[in-house]
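Taken in sequence, the protein lines are chains X and L.
Using our numbering, read the first sequence as starting at 1 and increasing by one per residue.
Using our numbering, read the second sequence as starting at 1 and increasing by one per residue.
Hints are computed from structural coordinates only; laboratory data are not their basis.
Note that the structure is predicted; figures quoted are calculated from it, not measured.
Note that the Cβ used here is the ideal one computed from N, Cα and C, for glycine as well.
A couple of the hints might just be wrong.
[Claimed, not checked] For each label pair, taking beta carbons as the anchor points, the in silico distance ranges come out as:
hint, chain 1, residue 1, chain 2, residue 2, range
1, X, Pro401, L, Leu22, 23 to 29 Å
2, L, Leu22, X, Ala454, 32 to 38 Å
3, X, Lys8, L, Glu74, 30 to 36 Å
4, L, Glu138, X, Gly436, 24 to 30 Å
5, X, Val412, L, Arg75, 28 to 34 Å
6, X, Val412, L, Arg10, 40 to 46 Å
7, L, Ser77, X, Ala19, 33 to 39 Å
8, X, Met1, L, Pro43, 36 to 42 Å
9, X, Met1, L, Ala142, 42 to 48 Å
10, X, Lys8, L, Ala142, 18 to 24 Å
11, L, Leu22, X, Leu400, 19 to 25 Å
[What the hints assert, rightly or not] Below, a sample of chain L positions facing chain X; criterion: calculated Cβ distance under 8 Å:
hint, residue
12, Gly18
13, Leu22
14, Asp26
15, Leu30
16, Ala53
17, Ser63
18, Ile68
19, Ala82
20, Leu83
21, Glu106
22, Glu113
23, Leu114
24, Asp168
[To be verified] Sample of chain X residues lacking proximity to chain L, with all beta carbon distances greater than 10 Å (derived):
hint, residue
25, Glu126
26, Ala250
27, Ala319
28, Leu389
29, Val637
30, Ala670
The primary structure of each chain is shown beneath.
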Amino acid sequence: MKTSLYLKSLARESRGSRARLAFFAACLSVGVAAIVAVAGLADGLDQGIRSEARRLRAGDLMVAGRQPLPPAARQRLVAQPGLELTETRELATLVAAPPAGGKPGPSVLVELKAVGSGYPFYGRLEVEPARPPGELLAGNDTVLAAPEVLRRLGLRPGDELLVGGEPFRIAGRLVAEPDRIAIGPSVGPRLMTSLAGLERAGLEQFGSRVSYRTLAKLPASGGQGELERLRDELTELLGEGTGWRVESYADALPNLRRGLERLESYLGLVALLSLLLGGVGVAQTTRAWLADRMPAIAVLRCIGMRPREVTTLYLLTAAALGLAGSLVGAAAGLAVLAVLPRLLADLVPAGLLEVWQPAAVARGIGLGLAIAVLFTLGPLDAVRRVPALGVLRRDVEPVLPPRWLRLALAGVVTAGVAAAAIVQSRSLTDGLLFTGGLAVAAGVLTGSALVVIAATGRLGSRAGPIWLRHGLKALGRPGASTVGAAVALGVGVVMVLGVLLVERGLNQELRAELPSGAPTAFFIDIQPAQWPGVGRLLADQGARSIDSVPVVTARLSAIDGTPVAELAAQAEPGEGRWALTREQRLTFLDELPSDNRVVAGSLWGDAATAEASLEQEFASELGVGLGSRLEFDLQGVPVELTVTSLRSVDWRTFGINFFIVAEPGALAGAPYYRLATARLPPAAEAPVQDRLAADYPNVVLLRIRELLEKVAAIFGRLAAAVGWLGGFTVVAGTVILAGAVSASAARRGREIALLKTLGMKRATVAARFAVEYAVVGALAGVIGAAGANLLAWTVLTRGFEVGWSLRPGATAAAVAASTLLAAATAVAAGWRALGQRPLAALKAD
Amino acid sequence: MAQPRIQLRRLSKSFRSGGGTLSVLDGVDLDIAAGESVAVLGPSGSGKSTLLALIAGLDRPDSGEVRIDGRAIERLSEDELALLRRHTIGFVFQSFQLLANMTARENVLLPLELIEAPDAGRRADDLLALVGLADRAEHYPAQLSGGEQQRVALARAFATRPPILLADEPTGNLDRATGERVLAVLGDLRRRFGTTLVLVTHDAAVAALTERRLNLSDGRLVADGARPALSDSVR
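Looking at chain X on its own, in the form it has when it is part of the complex (with noise of 0.2 Å):
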């Protein structure tokens, strides 16, 4: 058969079955959507992040670290010629508006940053008034305030502040600037001012956590390959697990970038996810399609179509409405895209995404092709083996396929599905998982549906109202399409309120009281001189169970002799290679806090050697035990310490808690700051704080309450998006449902027909066919919410380690609200059929 008769076949094969196919279409076009939206928001930032990565980092070149940059460093940027180089430091501090009337004025913690004249290279300040901010900034008494500073504060522009105890005029308002990219919580608002007025602030003390940024811009003569050499150079120059981090342009926020590598992953899940269920609803109309056309297809053999002809054109007939539903998928995706700028306003920088996403629509229409096809084969399988005698005999049925081919089948699919995980996922775990989860949650669907509607199908034997026994019944007969709506719309039960039940879960946990006798504030950067003074002030302000220890800071240098640069090298990218790179916090202590337990060895038995005690986790990390020796870097003095006891920490209590603590003593003379939490009353805080801004002003309060919120709140957003998936995944589902109806409907018009030809009612076949999907919907939403709650207690008691707690009014609403949209669907779909003159579905066989 020549091409062009495949093709004139192919649209003369859509006509009468539009409505069917339409839905065949919209099955994919769901999650086609999703995945052009999910991938087209990764790749888009991805490119936008790449595309102004200069701006994003303000500078051809960024060392980062939390000290200063070390002269030698600095000689080495300052020789390469033409080079311009300027600095930026970051730190959180509390500023505070004049006292007024003999009282401290209100306070706020802020992030405040420090920029040196020629900052940004790249990319521009937003300020208002719009003068040069470099003018702004001028002098070191001048600050630029993000809006929210000045409401909390209730100042304007040209009103003064107190940052560190000193005065400061605000030169202006800080509307955006280039590197800054909220996607984690932030501590506070933005307070800029310039070097010299951060030295003014006097806030570097010892312990202050401050981010140092040096930033560079090359003449525009310099090639990529010379960026590139000065970058190396540093990073040898610095050293591998210094915490110093050396990134050019080029690398383009390679952190951010793998965090939304990670997310789209899980999200690229997700979107799958919606997409398989389109494939088994696919799958559905396609049977039912084909089972319609059976008698068409004999003929077609009849005149002389070879199977393999009969089997091409349906083939390519499933494809050309894949790329149908895909291409309509793909647009709706983009239009997703279009408005989520304006959804995400607040985290993504305006201009950052481009909605236009090729190798996103690329990779939807691919996969919505690739799973229509797939999902296609199982049915178009009995194209080939329809008997041309059909044509003769009414009473023909298709062969039906061998065992070995069913499996194989079975195998494909499979398969494919694995390969759509791992393209999604990009990780061969992860899409392995995937699909060995979707296979045990579909098999215990598929089984529980099976074994639920035979039940029911006989209970339609006992008495009761005709639509009532008719419509069980009809759930059990030979050809009834709804295991696979069951499976669909119990999968998306599961997502949706799996979702939603976790970020109740969190919420609820979040928002709870505190555990009684919890610290509600941290107190953190006391100066040893300070603590007598603020401490006193807490008890003043009523504050109880005031506590406080000294801090370290130190560098890992060292375990059992092998330098940490050594370790860090050989360690994977992430927790193992953190926990040895991070700047450290030690203690002293005598005794452990009571939420501390000693799982192994014992607490400073040894008085010959300098002790230390590691939480057990920790030391996992490390990869150390019981015996191990850590060499620390204090400030340049180097200290041995001897692992001698490993502990568990119930970190849930909120207390001050150390992963290193180490024997008094054993750190002696090393400098240190004190940390120090207590209980808040939740009207004392604010005063506190003001007070604080005012008397201690280098000491930051940190307020429980706050921070929870913020973490509830960048939760939220998350569980928005997955929701908003969820949704998809539902959408999907009832678009199956629909199409699975719509499929028998056309198959029990017959029984329609006959029934009002009997005396049936409308109103009493549409009863019938409520009922039947009524159980189907009631089927899905039992048994998804089963495993939304299992879903929800696996992420919440493993993965966050709070509690879970069963919510009937979710669940329930979940299993109603499933239960009425199937039986909706069921009568919305066979409406046509219920309308119809009962001889024109009796003339039509």
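Given the coordinates of chain X, assemble chain L onto it according to the supplied hints.
Chain L only, in chain X's frame:
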């Protein structure tokens, strides 16, 4: 004697029915010459349709053989059988079996397209004109009366000018007057193209229009005789 167009040798076919087997054809022997028109008469269930199915390769005999132009079709693959039907055999059915999603013209066009006839469109139009439906070409089967549908089916069956036409109760679903009209068209086309016709029917009046009539009873051809005076409508 020239090579018979259709040869059946000791053709047997039985079906499982309930507990036992029902022998439908039991050693049928038959030669049909090129251009001959033959009616197979018999009551319903006598195996007439099975005989047609075996001749067309739609089903396989239990034993015996079918030869079309001297070529045994038993060992042909499904694909080869499809090609045989495409080029050699036309069909007319009691229930018309038009493709519901194609217009009258497209139904006639399809077999021509399958053999990649260069002037398919013109030939389809000519055939529709021959069966008197030129003005109904763009109608779908559901928009045509039974007689019109069967005439479209005739146009489709003759489209590729197959040497053999198999007709299964072609007037079974039509009233007498319409049936006669359809038979007249069938006879006209058959004469025009010199087609060999095998027609199965339970209606002696329909059978009377052929040159030769066979009676199928209990799986055997029990009577075989030419009628001296023939109506000219089919011949």
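Verification of the supplied hints:
1. X/Pro401 with L/Leu22: 23 to 29 Å: Once the Cβ atoms are compared, 28 Å apart, the range 23 to 29 Å for L/Leu22 and X/Pro401 holds.
2. L/Leu22 with X/Ala454: 32 to 38 Å: Holds - the Cβ-Cβ distance for L/Leu22 and X/Ala454, about 35 Å, lies within 32 to 38 Å.
3. X/Lys8 with L/Glu74: 30 to 36 Å: For L/Glu74 against X/Lys8, whose Cβ atoms are near 34 Å apart, the range 30 to 36 Å holds.
4. L/Glu138 with X/Gly436: 24 to 30 Å: 55 Å, violated
5. X/Val412 with L/Arg75: 28 to 34 Å: Check passed, 32 Å falls within 28 to 34 Å.
6. X/Val412 with L/Arg10: 40 to 46 Å: Given range 40 to 46 Å: holds, Cβ gap about 45 Å.
7. L/Ser77 with X/Ala19: 33 to 39 Å: 37 Å, holds
8. X/Met1 with L/Pro43: 36 to 42 Å: The hint (36 to 42 Å, Cβ to Cβ) holds, given that X/Met1 and L/Pro43 are roughly 40 Å apart.
9. X/Met1 with L/Ala142: 42 to 48 Å: 27 Å, violated
10. X/Lys8 with L/Ala142: 18 to 24 Å: With a Cβ separation near 21 Å, X/Lys8 and L/Ala142 satisfy 18 to 24 Å, so the hint holds.
11. L/Leu22 with X/Leu400: 19 to 25 Å: The hinted range 19 to 25 Å holds for L/Leu22 and X/Leu400, with Cβ atoms some 23 Å apart.
12. Gly18: Hint violated; L/Gly18 Cβ to chain X Cβ min 14 Å, cut 8 Å.
13. Leu22: 14 Å, violated
14. Asp26: Violated - the Cβ of L/Asp26 stays beyond 8 Å from chain X, reaching only about 19 Å at its closest.
15. Leu30: This hint is violated: L/Leu30 lies away from chain X, its Cβ roughly 19 Å from the closest one there, beyond 8 Å.
16. Ala53: This hint holds: L/Ala53 lies near chain X, its Cβ roughly 5 Å from the closest one there, short of 8 Å.
17. Ser63: The hint is violated - L/Ser63 has no Cβ within 8 Å of chain X, the shortest such distance being about 18 Å.
18. Ile68: L/Ile68 check fails; min Cβ-Cβ to chain X is 13 Å, beyond 8 Å.
19. Ala82: 4 Å, holds
20. Leu83: 7 Å, holds
21. Glu106: Check passed: Cβ of L/Glu106 comes within 6 Å of chain X, closer than 8 Å.
22. Glu113: With a closest approach of 5 Å, the L/Glu113 hint holds.
23. Leu114: 6 Å, holds
24. Asp168: 6 Å, holds
25. Glu126: Holds: least Cβ distance 62 Å, greater than 10 Å.
26. Ala250: 58 Å, holds
27. Ala319: 19 Å, holds
28. Leu389: At about 5 Å from chain L, X/Leu389 fails to clear the 10 Å cut-off, so the statement is violated.
29. Val637: Since the minimum Cβ distance to chain L is about 88 Å, X/Val637 lies beyond 10 Å and the statement holds.
30. Ala670: 87 Å, holds
Checked against the numbered hints given earlier, the structure breaks hints 4, 9, 12, 13, 14, 15, 17, 18 and 28 and satisfies all the rest.
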